[in-house]
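Protein sequence lines correspond, in order, to chains D and A. For the first sequence, my numbering gives the first residue as 530, with consecutive numbering after it. For the second sequence, my numbering gives the first residue as 530, with consecutive numbering after it.
A few of these clues could be false.
It does not matter which identical chain is used: a pair holds within one copy or between any two.
As a list, the in silico DSSO-like pairs of lysine-lysine whose alpha-carbon atoms are at most 30 Å apart [as the list claims (entries may be wrong)]:
(1) 863 <-> 615
(2) 718 <-> 688
(3) 839 <-> 558
(4) 615 <-> 869
(5) 613 <-> 869
(6) 826 <-> 671
(7) 713 <-> 558
(8) 663 <-> 673
(9) 537 <-> 586
(10) 553 <-> 673
(11) 869 <-> 673
(12) 613 <-> 688
(13) 863 <-> 671
Read the hints as simulated data drawn from the structure, not as lab findings.
Protein chains: 2
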Amino acid sequence: MQLKAVEKLMQKFANRKEQLYKQKEEGRKVFGMFCAYVPIEIILAANAIPVGLCGGKNDTVPIAEEDLPRNLCPLIKSSYGFKKAKSCPYFEASDIVIGETTCEGKKKMFELMERMVPMHIMHLPHMKDEDSLKIWIKEVEKLKELVEKETGNEITEEKLKEAIDKVNKLRELFYKLYELRKNKPVPIKGLDVLKIFQFAYLLDIDDTIEVLEDLIKELEERVKKGEGFEGKRILITGCPMVAGNTKIVELVEEVGGVVVGEESCTGTRFFENFVEGYSIEDIAKRYFKIPCACRFKNDERIENIKRLVKELDVDGVVYYTLQCCHTFNVEGTKVEEALKEEGIPIIRIETDYSESDREQLKTRLEAFIEMI
Amino acid sequence: MQLKAVEKLMQKFANRKEQLYKQKEEGRKVFGMFCAYVPIEIILAANAIPVGLCGGKNDTVPIAEEDLPRNLCPLIKSSYGFKKAKSCPYFEASDIVIGETTCEGKKKMFELMERMVPMHIMHLPHMKDEDSLKIWIKEVEKLKELVEKETGNEITEEKLKEAIDKVNKLRELFYKLYELRKNKPVPIKGLDVLKIFQFAYLLDIDDTIEVLEDLIKELEERVKKGEGFEGKRILITGCPMVAGNTKIVELVEEVGGVVVGEESCTGTRFFENFVEGYSIEDIAKRYFKIPCACRFKNDERIENIKRLVKELDVDGVVYYTLQCCHTFNVEGTKVEEALKEEGIPIIRIETDYSESDREQLKTRLEAFIEMI
């Protein structure tokens, strides 16, 4: 019972490379990005293309380790390796790559990467106070200037409004998807949803919107018919899982769980909160709110997790950390304590992109899911 | 041929706990700190005591790992463990602990630590631009307010001037010490200098100044007589080595090297650059210049290392990284490249506080020192 919308998604993904190069030939500029903090509205408003960059595969880790330490997050190493090996079409298509000072591993890796590709780094401050917001608003303004200069296209009020409305539309569809996942049985598997989030970073935004609109209709049908998936309802929270990285969701769904939500950059942190207004400042404020563990005192994230557990009627939480990701790893202690206080089962997993721990993780997840 | 000044240092260190508690009884407030970025002038100007906190021993790592991940820098874990175990007199004497957003491991650890001790976190931004400096100046102003409030003592212009002059005096003495280390044979071993830096964070500043004044006289004598230590002249660069952590310097000096300089927070980053003026802004500017790897684009550090190699006539550089310290680890690649370009031998070492790799490190360092 594969969903037609998911088939369409896979088809669009298969064609994405060709489409992107065609868009480039037509004169559109491509802005590569790593992170949910990059305000894609700015890029879209200049008729340019924001595209996520590869970083989800183990294959490019060895070449990265020629320059980067072993003790570093696999996402960072994989990304760097993809650029070094020139094996990611989105990297190769990018006219400029937008980085940000989220985690220090990326921040320092960018110092090496910028020797291989033109980069622009946005300063996301550690803190959430007013002075930090001011810096962030300036950074979004600087991005606007850069994008206008690179594309030669002026970002008019009208174009900005159009882009904001479009990305808000995308967010609305993801909210609807989450709404549908509240149902029992849940009408869609977590692995399918993960792929939608992963490809949402890669596809043309119009295609993602089209797929999501189809999907929502299909899921509404399923819900009406009472079709879907049973199993222990799992919320995944933690580090992003970029395209290529599906290990944990696969394992959870192999051992009797079904992932009903993702508190992640490939999940709620990608779509929650609308841009509320049509100014650069409104855009900046929306992105500034993203509750990433890289920020100091990130209690909003804990509140979000607790809210999602209730809303999605979650049986257990899988806390997912990429190896050596200090921010999510340390924040995990606070999340674990907060959930235990509410009697919500949680399992913490730290892993990389290798397959060597698959069996061991399967055993742990199996035991967790049996227990809850 | 133990130096008398070093004997005095050890004596003062042995008495420090008693002295500190006596100072506290006399009504002086104690401000604990982790990092060379804390502007101690502000604390001294309010007749309060800045004191470094323990974090150099493996003993407190296991208790820390109850709350913190294994894959985290030993300095962070050891510090946290010392507070949790209540086994560090400087922690226990502290009325308030000053943290800063240097590395993300510390930043996130502070979120857990502040449940055990009153903390104040200073926002050091990622970048080195004007907007970031403005934030940092505000942070130093906030620290002044906090210190005044905690101590009840007003920081007058006069008191601030006095404190600035005193800390600049300390810096001047460290510059003189470095000047003396240019001599061949070098009149002092690296292990002795390391202890001076380590204890400079812990001792009363007047005592450190007294020891350094004695030391410089003694070393001048040695230089006159041509006494000192021969061996391959080594510069250590990288992570700080706080009290208790002497492994690498010991090993270097066991296998025929002599450490003649430390580009480190227990080294040049502690004393280089004077506060040039008598305002809060002047203080902030001096600290903002510290070239720590936590900052984005830290090329000043590379220039410093190259300069130190020349000034101290260094034969080889030991790049020291604490396990999982992403910033120094990744920056190591750029440092390595820059030094190789100039034909300066470099060895990179990543280690923790355990003794298990001592023999292996000894073999590697021995081979390095034979080769250069």
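Those earlier numbered hints the structure runs against, lowest number first: Of the numbered hints given earlier, those the structure breaks are 2, 3, 7, 11 and 12, listed in rising order.
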